[in-house]
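Work the whole structure out from these sequences, hints included.
Number of protein chains: 2
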Amino acid sequence: MEGKKSIGIQSKKEEDLSKWYEEVCLKSELVEFAKVKGFMVIRPRGYSIWEKIKENFEKIINKPLGVKNAYFPILIPESFFKKESEHAEGFTPEVAWIDKELTKDSERLAIRPTSETIMYNSYSRWIRSYKDLPLKINQWCNIVRWETKATRLFLRTREFLWQEGHNVYETDEECEKETIEIIKRYKKISEDLLGIPVLVGKKSEKEKFAGAKHTYTIEAFMPDGKALQCGTSHNLGQGFAKVFGISFLGRDEKKHFPFQNSWGLSTRLIGGVVMTHSDNSGLVLPPKVAENQLVIIPLIFKGKEKEVLKKSEEVFKSLKKFNPIMDNSEDYSPGYKFSEYELKGIPLRIEIGPRDLEKGVVTLVRRDTKEKSESKIKDLQKEVPKILERIQKDLFLKAKKRMEDSIIKVKTKEEFEEGMKNKKLIKMDWCGKTVCEEKIKDETGATTRCVTFEKKKISGNCPFCSEKAIEEMYFSRSY
Amino acid sequence: MEGKKSIGIQSKKEEDLSKWYEEVCLKSELVEFAKVKGFMVIRPRGYSIWEKIKENFEKIINKPLGVKNAYFPILIPESFFKKESEHAEGFTPEVAWIDKELTKDSERLAIRPTSETIMYNSYSRWIRSYKDLPLKINQWCNIVRWETKATRLFLRTREFLWQEGHNVYETDEECEKETIEIIKRYKKISEDLLGIPVLVGKKSEKEKFAGAKHTYTIEAFMPDGKALQCGTSHNLGQGFAKVFGISFLGRDEKKHFPFQNSWGLSTRLIGGVVMTHSDNSGLVLPPKVAENQLVIIPLIFKGKEKEVLKKSEEVFKSLKKFNPIMDNSEDYSPGYKFSEYELKGIPLRIEIGPRDLEKGVVTLVRRDTKEKSESKIKDLQKEVPKILERIQKDLFLKAKKRMEDSIIKVKTKEEFEEGMKNKKLIKMDWCGKTVCEEKIKDETGATTRCVTFEKKKISGNCPFCSEKAIEEMYFSRSY
Chain A
12 MEGKKSIGIQ SKKEEDLSKW YEEVCLKSEL VEFAKVKGFM VIRPRGYSIW
62 EKIKENFEKI INKPLGVKNA YFPILIPESF FKKESEHAEG FTPEVAWIDK
112 ELTKDSERLA IRPTSETIMY NSYSRWIRSY KDLPLKINQW CNIVRWETKA
162 TRLFLRTREF LWQEGHNVYE TDEECEKETI EIIKRYKKIS EDLLGIPVLV
212 GKKSEKEKFA GAKHTYTIEA FMPDGKALQC GTSHNLGQGF AKVFGISFLG
262 RDEKKHFPFQ NSWGLSTRLI GGVVMTHSDN SGLVLPPKVA ENQLVIIPLI
312 FKGKEKEVLK KSEEVFKSLK KFNPIMDNSE DYSPGYKFSE YELKGIPLRI
362 EIGPRDLEKG VVTLVRRDTK EKSESKIKDL QKEVPKILER IQKDLFLKAK
412 KRMEDSIIKV KTKEEFEEGM KNKKLIKMDW CGKTVCEEKI KDETGATTRC
462 VTFEKKKISG NCPFCSEKAI EEMYFSRSY
Chain B
12 MEGKKSIGIQ SKKEEDLSKW YEEVCLKSEL VEFAKVKGFM VIRPRGYSIW
62 EKIKENFEKI INKPLGVKNA YFPILIPESF FKKESEHAEG FTPEVAWIDK
112 ELTKDSERLA IRPTSETIMY NSYSRWIRSY KDLPLKINQW CNIVRWETKA
162 TRLFLRTREF LWQEGHNVYE TDEECEKETI EIIKRYKKIS EDLLGIPVLV
212 GKKSEKEKFA GAKHTYTIEA FMPDGKALQC GTSHNLGQGF AKVFGISFLG
262 RDEKKHFPFQ NSWGLSTRLI GGVVMTHSDN SGLVLPPKVA ENQLVIIPLI
312 FKGKEKEVLK KSEEVFKSLK KFNPIMDNSE DYSPGYKFSE YELKGIPLRI
362 EIGPRDLEKG VVTLVRRDTK EKSESKIKDL QKEVPKILER IQKDLFLKAK
412 KRMEDSIIKV KTKEEFEEGM KNKKLIKMDW CGKTVCEEKI KDETGATTRC
462 VTFEKKKISG NCPFCSEKAI EEMYFSRSY
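For the protein sequence lines, the chains are A and B, in the order given.
Residue numbers for the first sequence follow our numbering, so the first one is 12 and each next one is one higher.
Residue numbers for the second sequence follow our numbering, so the first one is 12 and each next one is one higher.
Hints in this document: simulated from the structure, not taken from any laboratory.
Ideal placement from N, C-alpha and C gives every residue a C-beta, glycine not left out.
Treat the hints with care, as some may be off.
[Unchecked claim] Listed next, the in silico DSBU-like pairs over lysine-lysine satisfying Cα-Cα at most 30 Å (straight line): (1) A:Lys328 <-> A:Lys387; (2) A:Lys94 <-> B:Lys46; (3) B:Lys147 <-> A:Lys65; (4) A:Lys79 <-> B:Lys315; (5) B:Lys321 <-> B:Lys299.
[Stated by the list, open to error] Rough simulated footprint, nothing fancy, chain B against chain A, three-plus residues with beta-carbon under 8 Å: (6) 78–88; (7) 152–159.
In structure tokens form, the structure reads like this:
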């Protein structure tokens, strides 16, 4: 344990989510504020969550889809940026440029806010024939975007870590199919690993990625009634290929422009996990992303120390694969230790006391529900994975129920406004027009989240502009 | 395979190592030049070597030594830099600053050329008591140093990837012991994984890290008579702790400054691997860092296609764990394919032809020696790992012999100059003085490499300044 002992969470999740969130992030030692505004230090406990995400990502995306990792320069020449005009326009306000002193006569250099342009410049040399396709490359890197909105640990910071995948295909069909396949796999990571339930769907024209044909997204819904965009997969069509001169000799021996997508998820997900599961005692983590899945706390009473410590050591060794923490220090009371590991989000606590030992049992305490149970020591190898699995599942189901309970379908402007007041995730048949979207945002504070993949029967007119409704859109406030 | 088919290496290693090296790096598709001078794009084949290094590193350093990964901001405030004056002086010329437009009234921000200062600012908050020690944190990240010397793919670039470990200890002894332990483990990575033999030892006062008490290094020796510093481990003493205000309450309940080290190795190692093992046919990789350890090439003759392809497929499946490439395309002749995979450094080639099949055998061809052998198909599972192991070992031994053959001990200035003319790695008993070191560099072009850990009997005077010799130093040109 690094640093000073913490003193527990002072804010309440239900009263001031934003303050509570910050406190949980800081006191559970996931992260701290850097001196430079908008930047953060990801501490080992936080970084280990990112490592679990990476590991899972490589297993369910890189390997099965044949994506290779690579690394492109952090500095992007201004001329690359300017090639795709929508892209340039979308990103220019957030770009951090390098001091001109360094580059003098040559053009300005930007710290990457995303890498489409520098990657596609290379792609234009690497791709010659249909035999070079599909090309599937991903990079894990840091990104700088000079946010002007208020920043927030993990959720919106001026630097963050992410992966950005950039694939190139021979046909439009392949491209679209995999763009969707990837967003579905993002959903898997979010739900199965992190226990964060999400909507999957398509972004509106207004909210799509700068330069994309269309954007798919996974959207989580936080306890304070704000949506959190957790990952996006963009179908870029042939737009970038054309401006970057990426072309290939097709099977018909003619020159063609390929079809591209790009897709990313970031350390923002860590913020999503914290906000979704944690409580007023501190961090709650799904076991699959917890570095230490359990903590063993011997309850030491005079006269019985030796036996208790010996048995605790045995239990510790037998549960090695869960990367347990053993806290047998005498500096703090058991009660203090319980709070400490609750604060830090260790999914399962094992208490071993002298009375338990007489019966050959230990006490297990779930972090999420604080529920206690007993297990025979000899059954621990079987019991522990079962409980961890149950915690993993229950966390997801609880969050899923919360999200589902938040969804309401509205048919009028009044219902919409009522929904917003009650912090709901609103669905509504609407017109699909950008002007209407902007008006809704101005009037209600809600932004469009996505149109899900399920086939829906659409009826009536848009409650805001009275034009014909064409799709069912989700709306809410958002991070 | 991405991009256009290559046309083989035109330069000769023995004639123009520098041109040959560049050609091998580019044509084996490890890397390409970025548009911005001094930057590189690490392509998937190159990046996979870095991933193998990372994997090995985590196994032999992070896990056994209890080092945790974390992530610190890329932008460092100028005031942090200036705190340690030697450090600031050492790095300032190479720093890339952010455009002042962005930071306006506040201080200048630098892209990290190394992270001591920003990490130790955090450490000053995280460390309170001896119970918080040792603190062992590593980060994998990108680094920017605005080199003014000529850059060279992997070996000297303005951006590179590395790991930087930063540990803090209660005592000087612990700190020194682990500083050395880490450089020894770097040697293991270099030799056992990458097959690059190295000297291990201590840097001169002049060549040590800016702000360190002393620096340990691993030094490889390239075929052109230049040393390549492959990794360093710095004992920082208490210098940074004092200026960054890192202190702890000791076991004696008094305030103490802790002892620190920092240690790093980078993508430069990839360049070392390429230069050490490759030849005029292209890349040669030790099997342990080759993404694909073998390639299977069916020799297809009319009438026998089906059998050959079927058997090749079987062999391919049975050797899955070596991540084999199967090239059964009909677009290129076997001879062309052989050259292609030699260029790309696949350690082992398996040729399967109709005549072999009759005998139930295949032909194995080692990339490093081009030696052919036959193996019964049923023995492949046993034979392949044996040959790969032999290649791994032989590459190291060959490089080791080359390095050892290059070492000469000199006792006079004339012998030193003769040694430099013959591109030797020179050892000499010398005075250890910085003024003398500078003079030697000016007169001969040689820099000090290190004083190894072995106990040596030192005799006589320094051949350059005639003062009393105090240690045996290695000298050579260097990258």
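*Which numbered hints turn out to be false for this structure?*
4
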